[in-house]
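A.B. asks: Residues per chain are reported as follows:
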Amino acid sequence: MFSLHPSFLHLLTPEIALLAFALIFLVLAAIKGDRTLRTGSLWLSLLSMGFVLFFAVQLLFAIPPDGQTVIAQTVGGHSCMVIDRFGQIFKALFLLGGMLTLLLSKKELDEENAWTGEYFALLLFSILGMMVMASGTDLLTLWVGLETMALSVYVLAAYLRRKEASVEGALKYFVLGALSSGFYLYGVSFIYGATSTIHLESIRAQLGIMIAKGGIESVPFHLAFGLILLVVALLFKIAIVPFHFWTPDAYEGATTPITAFMSVAPKAAGFAMLSRIVLGGLVPLHEILVPLLSLTALLTMVWGNIAAMLQGNVKRMLAYSSIAHAGYILVGFIAALKARNNEGLTAMLFYLFVYIFMNIGAFGVVIALKGNGCEGDSMDHFKGLFHRKPWLAVLMIFFLLSLGGIPPFAGFLGKFFIFMAAVHSGLWVLAVTLAVTSVISIYYYYRIVCNMFLHEAEIREPLTGSAPLAVALSICAAVNLFLILFVPKTLAVMQMGKIFG
Amino acid sequence: MPYILSLLTYIPLAAALIVIFFVPKDKTRFIKYFATGVMLLDFILSLPLWFGWWGASSQAKGMWVFEEGPFDWIKSIGVKYHFGVDGMSVLLVLLTTLLGVLAAWSSWKYIKEREKEYYVWLLILQTGMIGVFCSLDFFLFYVFWEVMLVPMYFLIGIWGGPNKLYAAIKFFLYTLAGSVLMLIGILALYFQTGALNNGQNTFDLDVIYKLNLDPSFQWWIFAAFFVGFAIKVPMFPFHTWLPDAHVEAPTAGSVILAGVLLKMGTYGFYRFSLPILPDATIKWIPFLMILSIIGVIYGAMVSLVQKDMKKLVAYSSVSHLGFCMAGMFALTEAGIKGSILQMINHGISTGALFLLVGIVYERTHTRMIKEYGGLAKLMPVYAAIFMVITLSSIGLPGLNGFVGEILILLGAYHMPAFLFSKSLIFFLVSGMVLGAAYMLWMYQRVFFGEVTNPHLEEHVKGNDMNWREIGYMAPLVLLAVWIGLYPSPVIKRMEPSIKTVMEKVTPAIDRLREAKGIKPANNVIEKKEWKSETPAAAEDQGVAAPEAGAENAAPAQEHKGE
Amino acid sequence: MAAYLPLGILLLIALIIVPMTMIIGRFIRPQRFEVSKLQPYECGIEVTDSPRGQMSVHFYIVAVVFLVFDVETVFLFPWAVAFDKLGLFGFIEVGIFLLLLIVAYVYAWLKGALRWEQ
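Protein chains in written order, with this note's numbering: chain A, 1 to 501; chain B, 502 to 1063; chain C, 1064 to 1181.
You can take every hint at face value.
Derived EDC-like pairs (lysine to aspartate or glutamate); straight-line CA-CA distance at most 20 Å: (1) A:Lys389 <-> B:Asp527; (2) B:Lys878 <-> B:Glu958; (3) B:Lys617 <-> A:Glu456; (4) C:Lys1174 <-> A:Glu118; (5) B:Lys711 <-> B:Glu1004; (6) B:Lys576 <-> A:Glu343; (7) B:Lys613 <-> A:Glu456; (8) A:Lys172 <-> A:Glu147; (9) B:Lys808 <-> B:Glu863; (10) B:Lys526 <-> A:Glu456; (11) A:Lys389 <-> B:Glu614; (12) A:Lys389 <-> A:Glu456; (13) A:Lys163 <-> A:Glu118; (14) A:Lys163 <-> A:Asp110; (15) B:Lys613 <-> B:Asp527; (16) B:Lys533 <-> B:Glu616; (17) A:Lys389 <-> B:Glu616; (18) B:Lys576 <-> B:Asp707; (19) A:Lys32 <-> A:Asp110; (20) A:Lys489 <-> B:Asp573.
It should be emphasised that the hints constitute simulated quantities derived from the structure, not laboratory data.
Model the full assembly from the supplied sequences, consistent with the hints where possible.
C.D. replies: Here it is, written out as structure tokens:
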């Protein structure tokens, strides 16, 4: 029977609040028209995200350590959403990513003269979708979250609708995203056909019984087919090679704050959903999934880094680098799947946390360079940046070294924990690939460093500053630089996110 | 002084931050003095490590003479803040602090643009290098190891020669590639420590030293470490970054590269590979020895044909470091002593050579040997100092190079025959001969003969080394002579450290000996022969016999004096 | 697996028949190419313009708005049928659902989606 006990409602405060805010922004945008609110809506949405973040973090510490709290009962007594620490950490990450994106947005929207209220409403909606993705425990709830997020992000990717690149990238993203959604639903239909359930827990139980009885061969073909479709659809979302083709175009075309957002938050959400589905439901299949995912992770790390080396456009380069980073994070995930313990998950969460700050920071510098008809996203635009704006160049170094995994920057810690998880669970090939490819990555990050420090400036016009952007960059830089002093605390928080008991 | 090591490590970093935040870019004179002053302060603070030896050793627990910590840092994964030095690393720390002063001092004139950045990077580099030699926690070690790459990249990339971009990125990528693979080895070790440490894995070296690892497992970790350290040393097939980096780097960069950075590789082998992985080391010995020999001969041969002085010195490093490796992997006390001493010597003499090349380059802006000739007439003081350093580099008795080389040869001679053939000695000696050849030939072409290049006369005449240049060369020359005449204080300091390493290595050798069915008697005979030889050798050459240590050294010294 | 055999056979036949008819047709039909023959078939009337004419984007907007309310009805219908079983909880839930749709409707209205002339 349907029932929602009111005492569970408070567990949903972040989601409900976010939904309310999003609706308010939507109506406000329609009433006030596009251009009257401008920065007002930016501050308001920042405030509301901060408010939601506060709730989410409060819940993180309020809910019992391992007691997953069921909040909504549907047919058969299964939950469709769960509020646990794992999900809450993810929600906090999405909101952090969203807030930093907002800070980056002001300058970009000024430059493009593209203020609308919908921009903020869509950001809130997409985060709402992600929050559902991080909490869902059945295949359809997760899908609803996925689509809420994806539809909002499609629109955001096409936000600069007068620009051909933006529309083209968004269209590619949309078509491939829709295709992957189709894959997902098709997979779900097979799974439902085979197990007559969409609840991950019962899928896991049934798979467990099947495999305990007759080994991995006893899983019927159509069920396996459905599961593979499901996993492939998720790999699309996190842009894992060979399902990454939409990424560079969509990232390059989208307006830069949205690119920054897309490269962190939806990616994190994809990993949240992947963890929910694979670690919550498909764990018994680890014998098949580990080699399969390992292969894709390997391809992702190799191709993402090699392709990034060939790019002349910084946004495109960062897009490929974000593909490679998804590969690194996937290694952490595979370690968790292989060892079936939380170590890999902790590494994954830690990396995602760090990744938000380093990647948004790097995109933030691209935004800072924009202005006077210069897009700021070509390698040449970085030439001599140190002589034009020393601090900006220094911040960019922090981000790039962090992305490259050089200590003492935070990116090193992220990579270190992933390494540790990989070595601990015996993923030697992946660990070595991760090591070698992160060396390759230094090569292209250093192209920018080299342009900034070792070349003379070609463009000499002063850069237009932006206070929120400066704040965002300072926050990102501070996290990247000083996280090493706060590792124990951060690690302790990330270790709270558990899936395995 | 408590926390002296941390102090030494972070003073340069703090100074760098002060310069960044509080000193404007155009106050170059102040920045120069300040940076050099801080380096000097660091050096002075590091001197107690040398003098305070006896006092400190009584308080120290275990093998570390100066120790800080271990304090918990990241408790949940067993990362500790653990600093410490033993007799061997004290020497390297002192070398680092000394070369730091000289590097900053020698750059006053050489660096003419972007001075603020330059000294900031130099100071940060200093922090990284001292940190590497002091860290006793693998995590900490790795952090410092990598931190040091970034400043070096900029030193080469901004103030380097014409091909600086290529050299800088090559240096960075090579070293990074080695070190990330090393990181995998470190982690593999880390996951073995739980059993020894109440189930909590740890990066602490004290715990890792107690590990008793399966030889086949050791083999793989050794492979990972080998890549990391061999690139840094650099051993033969991995050496290609070195000539590029050395040639393109500014003088101070080359000095630090040769003097300190290369030592990190040998230090790594000594500190980690030998004591933690003795069985694997022994299995790898033939391979390591062959690479070292190739390095010695190849480095020397390539030096012989160089047209560029700096490149010649760079390739000579490959040869000298080959010596160091051969001495270390002889796995005898004498060999390791020689190897460590040779590290110091190489730091002194090659550092000095780079400084000298820099001095003349500042005047003429060329390093091509053929453009020189007859320089001795124009710059007599310079020629004299250059001569001393050249002789120290080729190992003339009475100067530092000789002591290290003879110890290495002794060590190699007493290497158990089942580990590697004695023909090793032949190759090492021929490397020494070649070394003399290329150095002296270069000296001859540069300093003797008539002045053929009018351009040279115009720039150099009456422009011999000034007081600043003599000032920063003097310590190196004095050290070269001092170590050459009276090496026993240096050797004495490294002895306890080497003993603890040998305690780990000797059982592994014995195990292999048993496995091969060779009677231990062999070894005893070898030892006897050696002992009967040593007094003569020591007297002839004015060197302390390795095992006799200090007792012998003093009389030998007097003997020489007569 | 055997139960799916007919399905598999059907799939196979479908896969074979379509290309086969096309190939057979290609060979047995007479082939005469003329200008009028190569033009798209348009009831004998002469082609006047490109088939890719532009439609006002308003058609789509109206279609989307219609779709939203269409789906709303689809959801409301089963709720109405099972109303007495769902009770207060169902009522509130549908209330929330309708509220969301109303917000969307207000938004569309204010944005001018329902205004035909610009």
